[in-house]
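Its first residue numbered 1, the sequence shown is counted upward by one per residue in the working numbering.
Keep in mind the hints are simulated off the structure, nothing from the lab.
A few of these clues could be false.
[To be verified] Listed next, the in silico DSSO-like pairs over lysine-lysine satisfying Cα-Cα at most 27 angstroms (straight line):
no. : residue 1 : residue 2
1   : LYS29     : LYS75
2   : LYS76     : LYS15
3   : LYS75     : LYS172
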Amino acid sequence: GCYSVKNFVIDPENKNFSTQEGNPVLFNKDGTAYHYICGLLTGDYVIPEGVTELGANVFEGQVAITSLRIPYTIKKINDNAFKGCTNLETVVFDHSAAHPSQLATVGKNMFQNCSSLSSVTLPGNLKSISNYMFSNCALTEITIPDTVTTIGMYAFRGTPLTSVVIPGKVTKIDQYAFAGTSTDQGSLTSVTFATDASTGKIALTTLGNYAFSYQSFESLVVPKGVTSIGGNCFSYNPYLKSFSFEEGTKI
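Hey, can you work out the whole structure from these sequences and the hints?
This is the structure:
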């Protein structure tokens, strides 16, 4: 990237873009959206309150960022936003009762190949874990918000989670979502399907191909609401000793 560039100069008459003195970020006209970063960011980075959108690829390859704070005002994060930030270790999405996060969905590949990422605090209103969102990260644990309804393909593939709780509102876990690999057996020893606090039920109906393949858990009970299980969903789990379906299953 053009890491030697320190800031942009934008004609004040430009109707589409703006910038700030000494700032390497190219904004939209009113300063609420990041479109491009030209320069190497380092250390802890805080996206300021008031920013509502991050453009596609905007932080991709920013290899010197070590931590990131994302404000509650963010409403949209596009594809590949932080892909390949290989020294990024910690990410916090601001969310509180006074200032709830406005972020519901995010683009694909959000933190893919952030190989040092070991701590993430997700926003409480998130509706989906996108495709490849945490693929090949360093997470050993994560709390998936109770609001999440779908977990995308390859979302955690190649990430060394040791346990995971699937929230009760999740209806679909897509292909390879929690898969290890043929060369790197996963570390997942515990999978819990939680009930939704508001309904007392588990909404899960669909498990994709290879969704939990190449993992290390010893037992698993598939919830009774599941009606579709993809090929090799639980294959290549050498430690699996007990596998069953919850009473009342339709499969």
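Cross-check of the supplied hints:
no.: 1; hint: LYS29 with LYS75; verdict: holds (17 angstroms)
no.: 2; hint: LYS76 with LYS15; verdict: holds (22 angstroms)
no.: 3; hint: LYS75 with LYS172; verdict: holds (23 angstroms)
Every hint from the earlier list agrees with this structure, and none is contradicted.
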